[in-house]
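Engineer: The whole structure should be built from the sequences, with the hints applied where relevant.
Its first residue numbered 1, the sequence shown is counted upward by one per residue in the numbering used here.
Just so you know, these hints were derived from the structure itself, not from any lab. Mixed in with the good hints, there may be bad ones.
Unchecked claim - Here are the simulated distance ranges between beta carbons: (1) Ser15 to Leu55: 50 to 60 Å; (2) Thr40 to Ile73: 53 to 63 Å; (3) Lys13 to Lys37: 30 to 40 Å.
Cβ coordinates follow ideal geometry from the N, Cα and C atoms, glycine included.
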Amino acid sequence: MAKKHKTTIVAPKVSRDDLERSFRSLQDGMKGKVDDKRSTVVTAATVAGVVVVLLVFLLGRRSGKRKTTLVEIRRV
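Structural biologist: Here it is as structure tokens:
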């Protein structure tokens with residue numbers, strides 16, 4: 001029988017600089033995506049807020065017109 005040689009794979013050592021570089025590139029990529037989404041979310045929230053305020057104003061105005069009592073004073 002022939003001897004089988006076991007080969008072991010040695011992983012390259014990961015240095016602190018390698019980790020920092022990979023984390024920094026990951027963080028930079030995420031910051032760009034977050035900044036793009038943030039402006040979209042702020043715009044959508046502003047539009048939604050204006051619509052809600054306008055809707056509340058119009059509903060309150062209509063409700064006020066229906067409940068207003070008309071008082072007529074005549075001088076004799």
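Engineer: Give a verdict on every hint.
Structural biologist: Now the hints, each set against the structure:
no.: 1; hint: Ser15 to Leu55: 50 to 60 Å; result: holds, 59 Å
no.: 2; hint: Thr40 to Ile73: 53 to 63 Å; result: holds, 57 Å
no.: 3; hint: Lys13 to Lys37: 30 to 40 Å; result: holds, 37 Å
Checked against the numbered hints above, the structure breaks none of them.
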